Amino acid sequence: MTQQDDDRAPRGYHDLGGVGGGPVDMTEHVLEPWEKRVDALCGILVGKKCRLMTIDERRDAIETLGEDKYTSLKYYELWMAGTMNLLIEKGTLSQDEIDERMDQIRRRLGLEAEE
Amino acid sequence: MSARFAIGDTVRIAERYPPGHIRTPYYIRGKTGVVADVLGAFPNPEERAKARDGLPELPLYRIRFRQTEAWPDYDGDPGDTLDMEIYHHWLEPDKPAERSG
Amino acid sequence: MPTIGDHDHSHEDHERTFQPDEEDSLGYYAIAEMAVRELLIERGIFTADEFRRHLEVADHGNQALGAKVVARAWTDPDFKASLLRDGSVAVAEYDVEMLGHTRLYAVENTHDVHNVIVCTLCSCYPKPLLGLPPDWYKSRNYRARVAREPRKVLAEFGTFLPEGVTVRVHDSNADMRYLVLPMRPAGTEGYTVEQLEGLVTRDAMIGVTVVGAPV
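Protein chains in written order, with my numbering: chain A, 1 to 115; chain B, 1 to 101; chain C, 1 to 215.
No wet-lab data here; the hints were simulated from the structure. The model shown is predicted, which means the values in this text are computed figures rather than measured ones. Don't be surprised by glycine CBs; every beta carbon is placed ideally from N, CA and C. Do not take every clue at face value.
What the hints assert, rightly or not - Facing chain C, a subset of chain B residues (Cβ under 7 Å, in silico):
#1 42
#2 55
#3 71
#4 76
#5 80
#6 83
#7 89
#8 92
#9 93
#10 95
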């Protein structure tokens, strides 16, 4: 059977078993504070108290960000991107209010706005 | 749903390629293995990924594959194995008659 | 819109979570996290305190707990039997709470079998016992290779198994979270549980290495 003769969905870009690659880079970086904050935020949203989303939904959200993002974003950037998409999709927050708050925070911290 | 397969049963992983959040890795679809453990019932994560409840719970099994079944070109020891968990709806009895039905 | 009071309050929360001497790259997603967190706290979805508690877990990890469980299994046959029968039940006395529907599943290394863990679909890992996973465990190359060429990957970690040892890869693709119970090294007969704990490494509990004999 070939890929063309049926309607099979393509292999997900996250579904890596056996794909092959180069040597495993064993360098470990100490997690930066922002990475731990993302871990904590995502953890709390799937936790027993909030149950705002499931881990399965977050994974699905990451698996639908697109291959470019999947391969270029850092691990916790992916988590945050997936989580934001879900919050917006569920109507919990809007993109506009997130953007507005991000601007406020950048001003507060004295950071230049990104593009 | 109660378990339909028992430890030692030979099973085949369905050769399906649906879209969505799928927990059966691509590389193992269509392969044959043996039930190594029966783990109880769990909600279906493929449903929960789409904000549904994933009920009824599905039996979950640990299936053991020979590496040479998973990868025909496997060049380690022929006794090496690969274990993973497969939810019930991905399993088929390894009987050709039922397989094609 | 938040009141000025709310605003000042969340501002203080940030100040307290920063360690000024630590590198903290505040890129787009780091700022997005702050924004989302502030908005959700203002909505009452969770509190700043609850967030801090989650942050402590991410901060400290609990790698030592895995080593404690392994050393106990080496010295207490009943505990070992319980751990291999149902990992979640066995570790409940350590106040370990597995996340969501996940359960702990321990696999034992023996003279005949060596186990190694991977998650080819994402990065599933027994966090309550081992803390947050190392970079390499989440890396593309590890995930893409170890299920297919485990012996080559083990060799990169400096692990060469004796002839006749079966390699058993576990692809952590669903609800079990795997812990490798390494073999107790020779030469540790008179060791206390605490001394044994000190020998157990994270990598041996993932299965990419073995616990070496004491030097």
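Outcome of the hint check:
Evaluation of the residue 42 of chain B hint against chain C yields a held restraint, the C-beta minimum of about 5 Å falling below 7 Å. About 12 Å separates the beta-carbon of residue 55 of chain B from the nearest beta-carbon of chain C, more than 7 Å, and the hint is not met. Checking residue 71 of chain B against chain C: minimum C-beta separation of about 5 Å stays under 7 Å; hint holds. Look at residue 76 of chain B: its Cβ gets to within about 5 Å of chain C, closer than 7 Å, so that hint holds up.
A hinted interface residue such as residue 80 of chain B counts as satisfied when its beta carbon comes closer than 7 Å to some beta carbon of chain C; here the least separation is about 5 Å, so the hint holds. Interface hint at residue 83 of chain B: satisfied, since its Cβ lies 5 Å from the closest Cβ of chain C, which is below the 7 Å cut-off. At about 12 Å, the closest approach between the beta carbon of residue 89 of chain B and any beta carbon in chain C exceeds 7 Å, and the interface hint on this residue is violated. Because the beta carbon of residue 92 of chain B sits about 18 Å from the nearest beta carbon in chain C, more than 7 Å, this interface hint is broken.
Nearest Cβ of chain C to the Cβ of residue 93 of chain B: about 21 Å, over the 7 Å cut. The hint is violated. A hinted interface residue such as residue 95 of chain B counts as satisfied when its beta carbon comes closer than 7 Å to some beta carbon of chain C; here the least separation is about 25 Å, so the hint is violated.
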